[in-house]
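Protein chains: 2
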Amino acid sequence: MIYQLYYWPGIQGRGEFVRLALEEGAAQYVDYALLPSEQGGGVAPMERLLEDPSVQYPPFAPPFLKAGRRLIGQTANILLFLGGRLNLAPKDPAGKLWAHQLQLTVTDFVVEIHDTHHPLGGGLYYEQQKPAARRRAQEFRAERLPKFLGYFERVLQANPARKGWMVGARLSYVDLSMAQIVAGLRFAFPRASRKALDACPGLCALHDTVFARPRIRRYVASGRRLDFNNEGIFRHYPELDG
Amino acid sequence: MIYQLYYWPGIQGRGEFVRLALEEGAAQYVDYALLPSEQGGGVAPMERLLEDPSVQYPPFAPPFLKAGRRLIGQTANILLFLGGRLNLAPKDPAGKLWAHQLQLTVTDFVVEIHDTHHPLGGGLYYEQQKPAARRRAQEFRAERLPKFLGYFERVLQANPARKGWMVGARLSYVDLSMAQIVAGLRFAFPRASRKALDACPGLCALHDTVFARPRIRRYVASGRRLDFNNEGIFRHYPELDG
Numbered sequence: 001m002i003y004q005l006y007y008w009p010g011i012q013g014r015g016e017f018v019r020l021a022l023e024e025g026a027a028q029y030v031d032y033a034l035l036p037s038e039q040g041g042g043v044a045p046m047e048r049l050l051e052d053p054s055v056q057y058p059p060f061a062p063p064f065l066k067a068g069r070r071l072i073g074q075t076a077n078i079l080l081f082l083g084g085r086l087n088l089a090p091k092d093p094a095g096k097l098w099a100h101q102l103q104l105t106v107t108d109f110v111v112e113i114h115d116t117h118h119p120l121g122g123g124l125y126y127e128q129q130k131p132a133a134r135r136r137a138q139e140f141r142a143e144r145l146p147k148f149l150g151y152f153e154r155v156l157q158a159n160p161a162r163k164g165w166m167v168g169a170r171l172s173y174v175d176l177s178m179a180q181i182v183a184g185l186r187f188a189f190p191r192a193s194r195k196a197l198d199a200c201p202g203l204c205a206l207h208d209t210v211f212a213r214p215r216i217r218r219y220v221a222s223g224r225r226l227d228f229n230n231e232g233i234f235r236h237y238p239e240l241d242g
Numbered sequence: 001m002i003y004q005l006y007y008w009p010g011i012q013g014r015g016e017f018v019r020l021a022l023e024e025g026a027a028q029y030v031d032y033a034l035l036p037s038e039q040g041g042g043v044a045p046m047e048r049l050l051e052d053p054s055v056q057y058p059p060f061a062p063p064f065l066k067a068g069r070r071l072i073g074q075t076a077n078i079l080l081f082l083g084g085r086l087n088l089a090p091k092d093p094a095g096k097l098w099a100h101q102l103q104l105t106v107t108d109f110v111v112e113i114h115d116t117h118h119p120l121g122g123g124l125y126y127e128q129q130k131p132a133a134r135r136r137a138q139e140f141r142a143e144r145l146p147k148f149l150g151y152f153e154r155v156l157q158a159n160p161a162r163k164g165w166m167v168g169a170r171l172s173y174v175d176l177s178m179a180q181i182v183a184g185l186r187f188a189f190p191r192a193s194r195k196a197l198d199a200c201p202g203l204c205a206l207h208d209t210v211f212a213r214p215r216i217r218r219y220v221a222s223g224r225r226l227d228f229n230n231e232g233i234f235r236h237y238p239e240l241d242g
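Sequences listed follow chains A and B, in order.
The first sequence runs 1 to 242 under my numbering.
The second sequence runs 1 to 242 under my numbering.
Keep in mind the hints are simulated off the structure, nothing from the lab.
Just to be clear, a hint being listed does not mean it is correct.
Pairs count within a copy or across copies, as identical chains cannot be separated in the list.
Mimicking BS3-like on lysine-lysine, the simulated pairs with C-alpha atoms at most 25 Å apart in a straight line are [as the list claims (entries may be wrong)]: (1) 66 <-> 147; (2) 147 <-> 163; (3) 66 <-> 96; (4) 91 <-> 66; (5) 91 <-> 163; (6) 195 <-> 130; (7) 163 <-> 96; (8) 147 <-> 195.
Take the sequences, apply the hints, and build the full model.
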């Protein structure tokens with residue numbers, strides 16, 4: 001099976017949570033965001049698929065994954081699907097549901113991270129909503145950032161397997177996503193995240209462990225992992241970092 | 001099995017998506033939000049459970065469901081769990097994942113609906129963020145509302161079973177949630193939603209069908225379904241309705 005991943009070109013964004021799973025799971029996949037337009041890359045073919053009336057299960061938005069004849073949308077749903085196939089999730093139903101529950105909490109966190117720079121909506125540029133972004137980011141740094149990270153740290157520390165993973169005794173897609181969250185927060189909010197992560201030694205160690213995995217290292221070294229930039233979810237605007 | 005539902009008292013909120021499934025599925029459950037505090041209702045016992053270090057799989061926030069010894073959080077995850085047990089979801093893996101994908105898109109929509117009145121965050125009252133709310137609601141009415149509803153209408157119309165349901169040939173939890181979305185939008189945005197729903201005859205019919213189901217009618221008539229109010233997700237502020 002060669003998976004096909006569709007996501008906006010030029011950013012890590014939500015697609016990166018899927019990419020990390022595909023890479024760690026040693027899946028074969030084509031990442032259309034990275035292809036030149038002659039080979040099917042770019043936005044137009046992706047939007048055609050989103051609008052194609054012959055698609056039985058149309059996704060609402062990227063990222064989406066083509067797996068054989070199936071088209072699967074929603075980041076956490078894609079990971080739920082891939083988790084079993086790539087051996088990146090617990091096998092028992094309760095563990096599977098728990099991993100997914102954590103991933104949905106990551107999803108919520110990602111929305112709040114995004115909304116620090118776009119509180120008034122995606123139709124305006126950041127530059128058109130700076131005062132609102134400042135206000136939203138203030139509450140994010142003071143309340144939401146430590147609350148989410150504290151929760152995830154608590155989950156990691158309470159994992160009875162005590163191997164440093166979020167769920168059970170083996171790496172899961174949740175660990176990959178948490179490491180990505182830590183990396184993104186350090187890019188976007190170097191000051192605020194340093195303070196918040198000081199209280200989260202487990203998450204910091206998890207970040208290092210994930211990015212030291214051989215397949216993830218090869219992926220990063222390949223140049224295929226796009227750099228963080230101010231077009232994505234994690235954006236570095238010093239004025240939002242307090 | 002007697003399920004135990006924990007959610008904020010006084011509002012329908014995200015808890016209502018779970019309640020509609022429990023009601024239509026004829027599940028036995030205790031809704032702690034409705035109990036007096038002497039019987040375990042109110043916020044304090046719920047917050048104790050959220051903080052309880054002996055809980056192996058702690059939820060991040062309400063709603064959460066206790067099912068035997070299991071504690072399950074995240075609205076869409078609770079519905080994923082209940083779907084199979086209450087016969088409110090397709091049985092085949094592809095249909096199950098598709099129903100869940102739609103529910104996650106409902107979740108995204110709910111966040112955007114909520115953020116129309118709280119674009120700057122939950123730490124400020126609506127009255128403290130009215131200009132920002134007006135700006136966010138403007139984009140919501142013009143872009144996001146028709147986009148989400150148009151997508152769901154398209155999904156319903158493209159369902160090959162052609163029975164008027166979102167997924168397959170039988171009612172699922174997605175139908176219950178869609179009906180709740182229509183009801184909530186009509187309360188919060190009577191003007192804007194009338195216009196947007198004019199283009200969505202399938203969703204309007206689905207709303208009527210769901211609220212005419214015998215068990216849902218009994219639930220509404222029982223008085224246990226709280227009224228919409230301006231403390232919940234769907235709030236009616238005429239100035240946000242254009």
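Structure-based check of each hint:
{"no.": "1", "hint": "66 <-> 147", "result": "between (35 Å within a copy, 23 Å between copies)"}
{"no.": "2", "hint": "147 <-> 163", "result": "within (23 Å within a copy, 44 Å between copies)"}
{"no.": "3", "hint": "66 <-> 96", "result": "both (22 Å within a copy, 17 Å between copies)"}
{"no.": "4", "hint": "91 <-> 66", "result": "both (23 Å within a copy, 22 Å between copies)"}
{"no.": "5", "hint": "91 <-> 163", "result": "within (18 Å within a copy, 35 Å between copies)"}
{"no.": "6", "hint": "195 <-> 130", "result": "within (24 Å within a copy, 32 Å between copies)"}
{"no.": "7", "hint": "163 <-> 96", "result": "within (18 Å within a copy, 32 Å between copies)"}
{"no.": "8", "hint": "147 <-> 195", "result": "within (13 Å within a copy, 39 Å between copies)"}
Hint compliance for this structure: every hint is met.
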